[in-house]
Amino acid sequence: MTSLNVLIAVCLAYVALLFFIAFVAERAGVQGKGGWLLRSPLVYTLSLSIYCTAWTFYGAVGNAARSGLEYVTIYLGPSLVILGWWWILRRLVRIGRSHKVTSIADLISSRFGKSNALAIVVTLMAVVTVTPYIALQLQSVTLSLSIFSAAEQGATPDTIDNDAAAFWIACGLALFTVLFGTRNLNVNERHHGVVIAVAAEAIVKLVALLAVGIFVVWGIAGGLPETLARIDASDLGTWQTSGSRWATLTFLAATAFLCLPRMFQVMVVENADEKHLRIASWAFPLYLMLMSLFVVPIAVIGLEEMPAGSNPDLFVLSLPLSQGREGLAMFSFIGGFSSATSMVIVATLALSTMVSNHVVMPVFLHLRQGGASQSGDVREVVILSRRMSILAIIGFGYIYYQVSGGSGALASIGLISFAGVAQFLPSMLGGIFWRGATRLGALWGLGVGFMLWVFTMLLPSFGAGAVLSAEVFEHGLLGLGMLRPQAMFGIEGMDPIVHAVFWSLLINTLTFAAVSLATFPSPLERLQGAQFVNVFDHSAQTQGWNASVAESEDLMIMAQRILGAQEARSLFSDQARAQGLSGHLPEPTPDFLQLLERELSGSVGAATAHAMISQIVGGSAVSVQDLMAVADESAQMLEYSSQLEAKSKELSQTAAKLQAANTKLMQLSAQKDAFLSQISHELRTPMTSIRAFSEILRDTEGMRPMEKAKYANIIHSEAIRLTRLLDDLLDLSVLENGQVTLNHQTGNLGELLDQAIASAQAGASNPIPIHRRRLNERLLLETDLDRLCQVFINLITNAQKYCAAEDPELHIDVTEKDGAVWVDFIDNGAGIPAEAREMMFEKFSRIGAQDSNGAGLGLAICREIMARLGGDVSYLADAQGTGFRVVLSHSRAVAAQ
Amino acid sequence: MGKHVLLIEDELNIIEAIRFLLSREGWQVDTHNNGTDAAQITRELKPDLVVLDVMLPGKSGFDILEELRSHEETQDLPVLMLTARGQSRDREMAEKAGVNRFMTKPFSNSEVLTAVRDLLYVHQQKA
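Here the protein sequences come in this chain order: A and B. The opening residue of the first sequence carries number 355 in the numbering used here; numbering runs sequentially from there. The opening residue of the second sequence carries number 8 in the numbering used here; numbering runs sequentially from there.
Since the hints were made in silico from the structure, they are not lab data. Among the hints, erroneous ones may be present.
[What the hints assert, rightly or not] Straight-line C-alpha distance at most 25 Å; calculated DSS-like pairs for lysine-lysine: (1) B:53 to B:66; (2) B:10 to B:53; (3) A:1026 to B:66; (4) B:103 to A:1026; (5) B:10 to B:133; (6) A:1026 to A:1011.
Between the sequences and the hints, there should be enough to build the whole structure, so can you do that?
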């Protein structure tokens, strides 16, 4: 007969073995050895088996004995999740690695803009839901111990104090977790020692359960066929399970597999390589299948062999014991012990990380900030807070165990816990698949779901009258029929678990979605949301670097970008030397980070520097305030630079304007000079002749009358030329200054032409022959007839003077088109060369051979007159000969007859 | 002695007046009314003096003067420049180009005669 002392000694030895394994693995990990094992997919798969707790180890048989095949759902859910790893798990692992996520609370808070409130809510919810689960493990161990104590004939049952055992077990687990869970403080929160120990325990519990199964089938039942026959004979297979309960339990198990903090820890945080998922996707379901292989035989044989009223949860132990197989029973006990301890260790580790990071540290930092600048290594504080958290959580578990007094079946506590963590699902999945999810949506969803879980599941689990009065069960909270904990909204007849899971998750999801749609995410949330949802676009698969070196390297890369390669390198190597390190990269100690932040803030502003370092170090989240400060800085810079840009634009515009004005002035000045010299020339030339000949006439004696007359004629004609020039200049000046008064009259175009021709030909030595079509000229005009006549005379005179044809002739054609009247003057001359056409309407422009009588003002005057009359005069480039067109616009021409 | 003057001018009446004045003094007066080939004609005719207008068709009097000064046979030739533009800048330009005498139109006949005489006298002294 095994004495309890032996049992406890074996337990202690087993725990010591675990310490040893963990210690060796931890050493190897630090030294960089044994990577093949530490980072093997096998270890990863085995570590996932912490899903199978004592509840599964013992409880599955109990569940099968009570409810038939329902226990399969507990294995089915996780198998489905991991078989479909490509959709959810791969994404979670990638996000976890690229964002250095440390826990499920960190994941959710990170996704929703690094919200501290959200992290605290998730952490508290996790503590509330998982603590009973830890208590459950303690209970299972003490319960299994009690089997041995009951079986021990010689000792009195009272000699074993269950509470004391639970207490010491709790202490042992706490010690283990503290030692291996907080040995070093890696940013990525990996714990080689713990993982290896958990993997070892996974093997122990599987082998133990298989051993018991094999013993039951071949040792008790007498072989496989007999066993199958006995199973057929039992009424276990005939028990009906409702479809909704099946579906709900499968869903719940799948959800728990994703959402349980300890599962998140081993699956995401401790994941060394994304590729491990691929192997785990078949290896883990295989493991679960082996775990469940002998559940039904043990249950059926147990129900037959054991006396009525025995606890089916403990068949795994009691069956071998009843057959006198104490060694096997002890092995089985060790298997259950393994399940319990591995779960407690990892769950506590995960919870303590959350509590420390999201509750204790923010409070500590806040207090420290308030109390001046106490320098000191924050690492020490973090480790201390981790350790305190571990002790507190295991302590809570123990107290819960004490208070609940081991009440209720194991399975129900497990399911309640599952349903509790399932409340994380909407926020988690929504966060990684839906960019529109917002922080408030997550907060409200989680809050409402959690409240409903407490109300419909946790509180009723204590039984009517414990916390909720029978009154509430009967008539609803506050007497509202809608709020009966097991018949919400008046819908009755649902299985209590189905009911609780359905309503809490449904309303959680709806609230999450509705609030998300109704609220607007902050900039940081948008950023994080985009990075989480599009994680496969942004992150390459990262390899397992030594975290602290990788981080320093990241800081270096960032610093180089901002400070410049040279300066960053010298800063880093100086600091590395100051820390007594040989390389170029210093440890990212708080002092160094502070220094770096100061350096960076000189270049990019304090807020940006803080945010950048936070982003890389990941320890302290970038708060919305940080981001707003960054935005403010950028806005100021933008504002400033846009002001500068506007100013310089304005300046260059002003400069351009000045330049243009200057050019214009220069042009005007040059024009004025040219005009003055031109006028001077035009005036002085006739005056020169007049003066010279008048002096000749005055000073020459005995001049012949013929000569005298000739010279007097020259004086006379030059005087007339001078007068005409002055007239033209005055005329032009008046026209150009717009001081001219137009004298509008109505007249006939034909008559006006008659008048102009007569005037042009009067006194001309060789009047040019003119061809007209009088029929077309029968138009009434309303305009300043005298001015128009002046234009006509000018054009006719020009033709008369300059047409160089042998038999010069001039055609005058009138066309009426679209209400406008064209009067074309086309002679049979040589035309005007293209290069002169542009200038010929300018003042003093004379074309071709010099004409002593023309000052080059005629066409300039014509153009000015036509502009005043609202028409135009232009050169006809395509005419046969030299042609000009006078255009009288619509309003000025009145059709006659 | 044959005193030969070349008058480069495009205004018919002014040509008439100057020809009258100088012929009466016994000078041989040749005229040319185009700027383009004026310098070349000058080299061909080898006058003792050139009376040069500024505003000529084809080429300005300043350009003709520069061209004259750039050729060896005409670089010392006395040039009397007459202009109707009468701006101080024109006088500067003419002096820069190497004019011997610069007069603004309208001139007095006696001034022109004196200037021509002086120029020829100085030129002969030098020679």
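Consistency of the hints with the structure:
A hinted pair counts as satisfied when its Cα atoms are at most 25 Å apart, and residue 53 (chain B) with residue 66 (chain B) qualifies at roughly 20 Å. A threshold of 25 Å between alpha carbons decides the hint, and for residue 10 (chain B) with residue 53 (chain B) the separation of about 11 Å falls inside it, so the pair holds. Between residue 1026 (chain A) and residue 66 (chain B), the direct Cα distance comes to roughly 22 Å. Compliance with the 25 Å bound is thereby established for this hinted pair. Proximity of residue 103 (chain B) to residue 1026 (chain A) is assessed by CA-CA distance (about 24 Å); at most 25 Å being required, the pair is judged to hold.
Our distance criterion of 25 Å between C-alpha atoms is met by residue 10 (chain B) and residue 133 (chain B), whose separation comes to about 16 Å. For the given pair, residue 1026 (chain A) sits about 22 Å from residue 1011 (chain A) by alpha-carbon distance, which is consistent with the 25 Å threshold.
The earlier numbered hints are all upheld by this structure, with none contradicted.
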